[in-house]
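> Keeping the supplied structure of chain H fixed, place chain L upon it in accordance with the hints.
These protein sequence lines are chains H and L, in that order.
Residues in the first sequence are numbered consecutively from 1, following my numbering.
Residues in the second sequence are numbered consecutively from 1001, following my numbering.
Keep in mind the hints are simulated off the structure, nothing from the lab.
Since the structure is predicted, the reported quantities are computational estimates derived from the model, not experimental observations.
Note that the Cβ used here is the ideal one computed from N, Cα and C, for glycine as well.
Each hint should be verified, as a subset may be incorrect.
Listed below are the simulated DSSO-like cross-link pairs for lysine-lysine, each with C-alpha atoms no more than 27 Å apart in a straight line [to be verified]: (1) LYS1311/L - LYS1340/L; (2) LYS200/H - LYS300/H; (3) LYS1200/L - LYS1340/L; (4) LYS300/H - LYS257/H; (5) LYS197/H - LYS1300/L; (6) LYS165/H - LYS1165/L; (7) LYS311/H - LYS300/H; (8) LYS1257/L - LYS1311/L; (9) LYS257/H - LYS1200/L; (10) LYS1312/L - LYS300/H; (11) LYS340/H - LYS1311/L; (12) LYS1257/L - LYS200/H.
Far from chain H, by Cβ distances over 12 Å, these chain L residues were calculated [said to hold, decoys possible]: (13) ASP1022; (14) ARG1051; (15) PHE1088; (16) GLU1110; (17) ASN1125; (18) ILE1160; (19) LEU1171; (20) LYS1300; (21) GLU1318; (22) ASN1335; (23) GLU1353; (24) GLU1365; (25) GLY1384.
To be clear about the criterion: a stretch of chain H counts as covered by chain L if any three or more of its residues have a C-beta under 8 Å from a C-beta of chain L, and this derived list gives those stretches [unchecked claim]: (26) 82-91; (27) 106-115; (28) 145-157; (29) 162-170; (30) 194-205; (31) 310-316.
Protein chains: 2
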Amino acid sequence: MRILVLGGDGYCGWPTALYLSDRGHEIGIFDSFIRRTWDHELGVQTLTDIRPLHQRIAKWKEVSGKEIAVFPGDLTRYDHIERVLEEFRPDAVVHYAEQRSAPYSMIDREHAVFTQYNNVIGTLNLLFGIRDIVPDCHLVKLGTMGEYGTPNIDIEEGFIEIEHKGRRDRLPFPKQPGSFYHLTKVHDTNNIFFACKIWKIRATDLNQGVVYGTVTEQTMRDPVLVNRFDYDEVFGTALNRFCVQAVAGIPLTVYGKGGQTRGFIDIRDTVRCIEIACDNPPAPGEFRVFNQFTEQFNVKDLAEKVRSAAKKLGIEAEVKHYENPRIEAEEHYYNAANTKLIDLGLEPHYLDESLLDSLVNIALENKNRIDPNVILPRVTWARGRT
Amino acid sequence: MRILVLGGDGYCGWPTALYLSDRGHEIGIFDSFIRRTWDHELGVQTLTDIRPLHQRIAKWKEVSGKEIAVFPGDLTRYDHIERVLEEFRPDAVVHYAEQRSAPYSMIDREHAVFTQYNNVIGTLNLLFGIRDIVPDCHLVKLGTMGEYGTPNIDIEEGFIEIEHKGRRDRLPFPKQPGSFYHLTKVHDTNNIFFACKIWKIRATDLNQGVVYGTVTEQTMRDPVLVNRFDYDEVFGTALNRFCVQAVAGIPLTVYGKGGQTRGFIDIRDTVRCIEIACDNPPAPGEFRVFNQFTEQFNVKDLAEKVRSAAKKLGIEAEVKHYENPRIEAEEHYYNAANTKLIDLGLEPHYLDESLLDSLVNIALENKNRIDPNVILPRVTWARGRT
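So here's chain H without its partners, still in its complex pose:
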């Protein structure tokens, strides 16, 4: 299959591109490299020493014998994506090319506007490109579990059967996203659902949980293939951040009461989920939603797991409840469905001690790269960056 990975230089995109290439697919990467620019803007860098894409690609060819085509381009520029679709003619497009940080979108007006413009207009351009150039192409779009918020009812996969005043319908699941970033994913969902209806595009919307881990079978084949490991307050995600905090001797940053429950997924399952989606395309016109996570944890329990794993490696970590910079429920009901990917063959890597050990060890190996000044939260939902 010919698969174009938009955002293929990023945290999820890079291991996805390698995995699919390793599995025998013909891969193209489309990326604007703006994610690397944001690190410069924020004055942060990944814990791991990631290399430029052209070096990564050359090394992958060396270790695997496989070529990955590279298309530098920005999805908000229609001429960029138009040319690539015409040249590469993908059977599937995996769309990671969005600004994916909630705190980044909450910094100030400019960052909120940028995030909504970048994500919504980029996806619109892609929809028109698919319609006009590769109408049979399967759009595999990354959404987020954060689209649902924390309703007091079970979360289903995209749609819900509602009975109301004696009548029934299957309707889009009501969304309550919690940041200007999460809102863009809801806007995208609505735009894509509509495009499927009117143009018979086939699309899979993967509402992904919080991703943890950094290594996959492919990225470990050579140090040059190393993946991102963000631990800063803006782009770092909970579990990865906690491991770095333990090693840096900073109390683990539980926001508020820590009863916030979310879906989580190992990055090795992320790449497999993408393959499952590509291997099982929906019918033309079908808009399909899968919840892409394997386990639910609350933040407090997650911090405890990291504390105990660190302890076995001789590190005494403290868990601390910080004032919550976000506006969100800190104790709530949460029960989300996630059977559709498992029904299609996903065999989850559940969070275990070996993974936690490996993450803490990566943090230890790169300890000299940890900047303790970028860890504590400075972006607040009420007033932006303070």
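Same frame as chain H, but now just chain L:
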């Protein structure tokens, strides 16, 4: 009360500004005049000979003794709205400043992107402006009944109580908008709801039905105050269009089977609904949704009403079922709630013969301005403008 009307030069904005001014409020109009540019772009003009805003304002002062402040500006330019909020310091902002035509948004990629950019980013700018400059100001935002689509259950006002697997919650009503324009209203709804939660902004979202009529008590005081009357396929709305078609001798344009049912409202009720919303502001942080329509009709029945009103004036009109340029259900269940505005004091003008007579007569008076070439649909949902 000091009320700023964004889009106050438009079809609903202009009579709203006059009505509120007449009722003793201090009014400012913020408008970019881009709506007038779109007429030039499409090669159409309103049936009525609308005058430039500065003439309208001068005449209003002459007939009423009241001043309306004018602020030329574009909501997608933050510096424009920032300056006006600082200078005018409104108690309420009535936000009509969006691209409001579904067919316009479906012309091609550029028009879809423009519509989503203009509406979503403009509203984001307004939310930040309110947060930072006039935090107690009441945002009165125009949404549309089209946000809901045509679900097989009763439509409630913004939210719905859902019971699911033995648990309950009050959640945003699931939306199924039917064009890139309608999608922007859903995006706005989600963005505003979030801003109310995190910043304690007070907002009323008015999901308006299809507006008909053109004259209000204020616009009829002088010919210079005349309101828009769009009848072209892009900006014209059903009932107004049918009246012009009857006079022009063009078979009334019922799309498909004509069983499409929608909520409708007389423009004299639109302006009153805005006043009701302003007079009854929600609490800080409250996001309130009212469905702003007074009656439901299906398109076929509406065309029959116009045909019979025209007949009494000696005009033989034909009703014709054209191939539907849109992708929508043509026969469906539809039952939408609309009690909240009535509970607050709205006394509806229901559609009657005298209103139909008056519209047909306006069409007759302006018959020489009717361009028969701009009436039949050319923008299709499947392929854009053909």
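> Hints first: check each against the structure and report whether it holds.
Taking the hints in turn, this is what the structure says about them:
no. : hint                  : verdict
1   : LYS1311/L - LYS1340/L : violated, 37 Å
2   : LYS200/H - LYS300/H   : violated, 44 Å
3   : LYS1200/L - LYS1340/L : holds, 22 Å
4   : LYS300/H - LYS257/H   : holds, 8 Å
5   : LYS197/H - LYS1300/L  : holds, 24 Å
6   : LYS165/H - LYS1165/L  : holds, 17 Å
7   : LYS311/H - LYS300/H   : holds, 17 Å
8   : LYS1257/L - LYS1311/L : holds, 23 Å
9   : LYS257/H - LYS1200/L  : holds, 22 Å
10  : LYS1312/L - LYS300/H  : violated, 75 Å
11  : LYS340/H - LYS1311/L  : violated, 59 Å
12  : LYS1257/L - LYS200/H  : holds, 22 Å
13  : ASP1022               : holds, 35 Å
14  : ARG1051               : holds, 35 Å
15  : PHE1088               : holds, 20 Å
16  : GLU1110               : violated, 9 Å
17  : ASN1125               : violated, 7 Å
18  : ILE1160               : violated, 7 Å
19  : LEU1171               : violated, 4 Å
20  : LYS1300               : holds, 23 Å
21  : GLU1318               : holds, 30 Å
22  : ASN1335               : violated, 9 Å
23  : GLU1353               : holds, 34 Å
24  : GLU1365               : holds, 39 Å
25  : GLY1384               : violated, 9 Å
26  : 82-91                 : violated (count 0)
27  : 106-115               : holds (count 3)
28  : 145-157               : holds (count 4)
29  : 162-170               : holds (count 7)
30  : 194-205               : holds (count 4)
31  : 310-316               : violated (count 0)
Hints 1, 2, 10, 11, 16, 17, 18, 19, 22, 25, 26, 31, counting from the list given before, are not met by this structure.
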